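Sequence lines, in order, name chains B and R. At position 161 of the first sequence (counting the first as 1) the number is 161 in this note's numbering, and the numbers step up by one without a gap. To get this note's numbering, take the position in the second sequence, counting from 1, and add 180.
Hints are not guaranteed to be accurate.
As the list claims (entries may be wrong) - To spell it out: a stretch of chain B is covered by chain R in this simulated footprint if at least three of its residues, at any positions, have a beta carbon under 8 Å from a beta carbon of chain R; those stretches are:
hint	stretch
1	2-12
2	95-107
3	116-122
Said to hold, decoys possible - Which stretches of chain R does chain B cover? Using the computed rule of at least three CB atoms under 8 Å from a CB of chain B, they are:
hint	stretch
4	464-476
5	578-585
For the record, the hints were derived by calculation from the structure and aren't laboratory data. Quick caveat: nothing in here was measured; it's all calculated off a predicted structure. Ideal Cβ placement from N, Cα and C applies to all residues, glycine included.
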Amino acid sequence: MTSLKPFHATDLFRVNAVNLDVLTENYNIAFYLSYLAQWPSLFFSTENPQGEITGYMMGKAEGRGKDWHGHVTCLSVAADYRRIGLARTLVDNLERQSEDPYDAYFIDLFVRASNALAIGMYKQFGYSVYRRVVGYYGGEDGIDNEDAFDMRKPLKRDKNRESVREDGENFRVRPEDVYL
Amino acid sequence: MCTSADVRGQQKAAMSLQKSFPRRQYTLWTIVSCYLLAISDVVTTEERALFSTLASRLIPLVEPARTAEEAVLKARVLELLPTADQLISFLCDPATEKWNNLELATMRLDALVKSGNWEKVFDTSMTTLATENRDDFESWKQMAYAATKLGNDERTSALIELLEKRCKTRNGALAGVYYASLKSTEATFNAAKFYFENFGRQQCAFDDLKSYVEALDAQKWLAFVDEQITFAKSMEHATQNEVHILVNARKFHYLLDPDDKSFVDKNILLYNKLLTSLAFQDKLETDYFYGDDLIIMAATWLLQGRPVSSPVPDQDLVILVIILLETAASNDKHQFRVRLWLTRLYLYIGSFQQALGHYNALAIKNIQMDVLSHYLLSRVSTICPTWKPLISTRDIYDSNAVQTPYHIKKIYESGAFSQVAGCMEFGKRLSDSVNKGILCVEAKRVARILGMKMEGLGINPILRSTKWKENRDFSILYGSTPEETLENKYRIGPIQTGVWVNALILRETIIDEFLTADKRREYALALKELLEKQDLQSLTHVEKWSLETLLELSSIADSATVDGVAVFQTTLIEGMEKYAKLEETSLSWEWFHSLYIVVETAMISIWSLDSLVAIWGTKKNGKVVASIAACKKAVQTVVDDIKEDAKKLKLRRDKWVRDCVKRISELDILKKLDTSSIDIEYLIERIGRGQDESLTILRNTKI
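Chain B with its partners taken away, still in its complex shape (with noise of 0.2 Å):
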């Protein structure tokens, strides 16, 4: 049983089903109050009934012209409610917020090249690799950097579809040419 919710700043003592999990990080507090400030309606949870939350989202707008867009942060679903069509509610309602109050032209979100898992996941909800962003995810000491890509799904806006492209995979990018 999912029900959406804002998300508030107390809701950080009420995360831990989701946060003990290893692939998710813990933030500082300046983090989290700083997306609560700046984007209030693009951080939001699922609930179950007993009121433990499930899963969240952390996005935000950003770019200006047709850049201007919705993006990812972070993701994250408890693994006892994984593989139950959390993440495609939390991602339907952040496009679903990007593209009305926000008028996005479209969301991205970065995700590791090697991360064959969440990659199929994001196509299956129709995003697309727009580009590779080289050696994005820095190693420990600088060595080993892997590389993201930019997944991105064009919104209503964006009638012409300018802002994807085919073969993403192999239009390469320096992290520094990514905007802010």
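Position chain R against the provided structure of chain B, taking the given hints into account.
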């Protein structure tokens, strides 16, 4: 004002700005701050009504709302009014709905449900689910409930039609179960059956159904779920879906058949077989293996003392459970529920280093430090005094003091009004966290026991007036629910509450101010009152004794006589010997806890008496000074005996390990487990080494 969380100050400042510079932004700030005051605990009932009214009267000055956040603010203010009419009217207004805002949508449904306007609840939920195509369980639930309340054929038909159309979605199927539960047990059974047939392969199936299933015929339900367990090839080649159905079925057995003596044996045998399954072999390293829950269930079954086919002696129970869980952990490195239990159980038997290893594997950091560090650091100064994990946990509170007020200001500036109240509460809860209070006290005690410098560790006695906030999560431990006492049973003493913190703050303050007579008396009196009037359930017996001993010391400082010192010596030694009694059978957190408190109390006693003698110089009666010297000598003797006993325990370690390995290996339950991934003898040896480390620290304390 944001920095000090002063809501009154915020309101006054905002009001001044709004009057001096009637800008829209300052009017909004005034409304926000009035709202914050109205919902705070710093105002009287009359003030609450006043600020609510003030906020609602300012709303027209900023209409129409320019952002969804302003609309949320208006809704929050309208929530404060005595009746819900204006709130509902505003939330259901198409102009409000056009904001497409989750906060407003949530408030809308909540307000309608609270008002009992079931027609509107039904229609709103139907719009969400069917028209907007948003699959929200809360909407499903309220629509089903509204249909039942209304008893209206048209709406009931519409509900049933939608349920049938969406029965293959998880929310839809579960909504069907919920709706059936409002009808009859028979209907609930059929709906739950349908759900499990379609979704039993999902890990969450058990959690989704358990509250409904508890009302059903247990045997009938268990027979059904057992029928769902099938394997295309064999159990040893089970796929992920097949494993999930199997484990979910076992979870229902755990829930509904608590007297099954064969439960643990069956779970262990199933787990062994599943280690060769595709589900286990093909999983990513960062995925969890759901089969681990078979072991966790077996572990918690044993810990609860439920029936088993071959009994386990009490002295070996926790170690047996540790072996079960270590087996699961060795096969599945990232399973946090296993590691949390291991952290708790190792601490329970006083093997801190092993607990630390599993705790570190969880990579708990930032806000989690406040919520989860108690799993490792509860009473750490008296289990295995350790500095590094204790100090690193305190960083979050320093960060909160800076970051949260900064971001509250940002929220005012950016107009994210839906977040102000939450951020203010967040900041307050961290600032007044009882865990923070505990860690402050523990840091001082650890430093004392380890002989470290105490500069910078002073505790402000004013802190004891804090309304301590409880943020700790005790329910994340598998098998622990508000109704269960399992987590309670294996906790490191009673939960340390605000009373515990206040008592220990007073204790530390008395120690710090021991030579300043008026302050010492003031805090001693406060401690005495606390011990007499407050609920002391959060203190262990030996902690209470230690506090009472300090009060006696304070009396000695006031008026030391030969007889007084002699009486103090007698009661102190009696208490020390009582609480330091060596357990021959097995070590536990309780024994270490008692020993460390006894030694710490001895330390404080001797230091205090020495300080008094130093202050008195030659002015005091020589007989009193001599009686103090005798007292110190008696205390030292007891401490020496404690250290000697600790040494003997250490020297008997090899025998303890051999005896333990022999006993454990002969347990029938363990013989059934595939322990090829762990070395039992090495594991037990490490338990012993962990306990020995605590013994070593104890023996190295300097009185």
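Against the structure, the hints:
With 10 residues having a beta carbon nearer than 8 Å to a beta carbon of chain R, the stretch 2-12 of chain B meets the requirement of three or more and the stated coverage holds. Check result for the stretch 95-107 of chain B against chain R: holds, 4 residues qualifying (beta carbon to beta carbon below 8 Å, three or more required). A stretch counts as covered by a chain when three or more of its residues have a beta carbon under 8 Å from one of that chain; for the stretch 116-122 of chain B and chain R the count is 1, and the coverage is violated. Remark: the stretch 464-476 of chain R is confirmed as covered by chain B, as 4 of its residues place a Cβ nearer than 8 Å to a Cβ of that chain, reaching the required three.
Counting residues of the stretch 578-585 of chain R whose C-beta lies closer than 8 Å to any C-beta of chain B gives 4; at least three are required, and the coverage claim holds.
Hint violations for this structure: number 3 only, all remaining hints satisfied.
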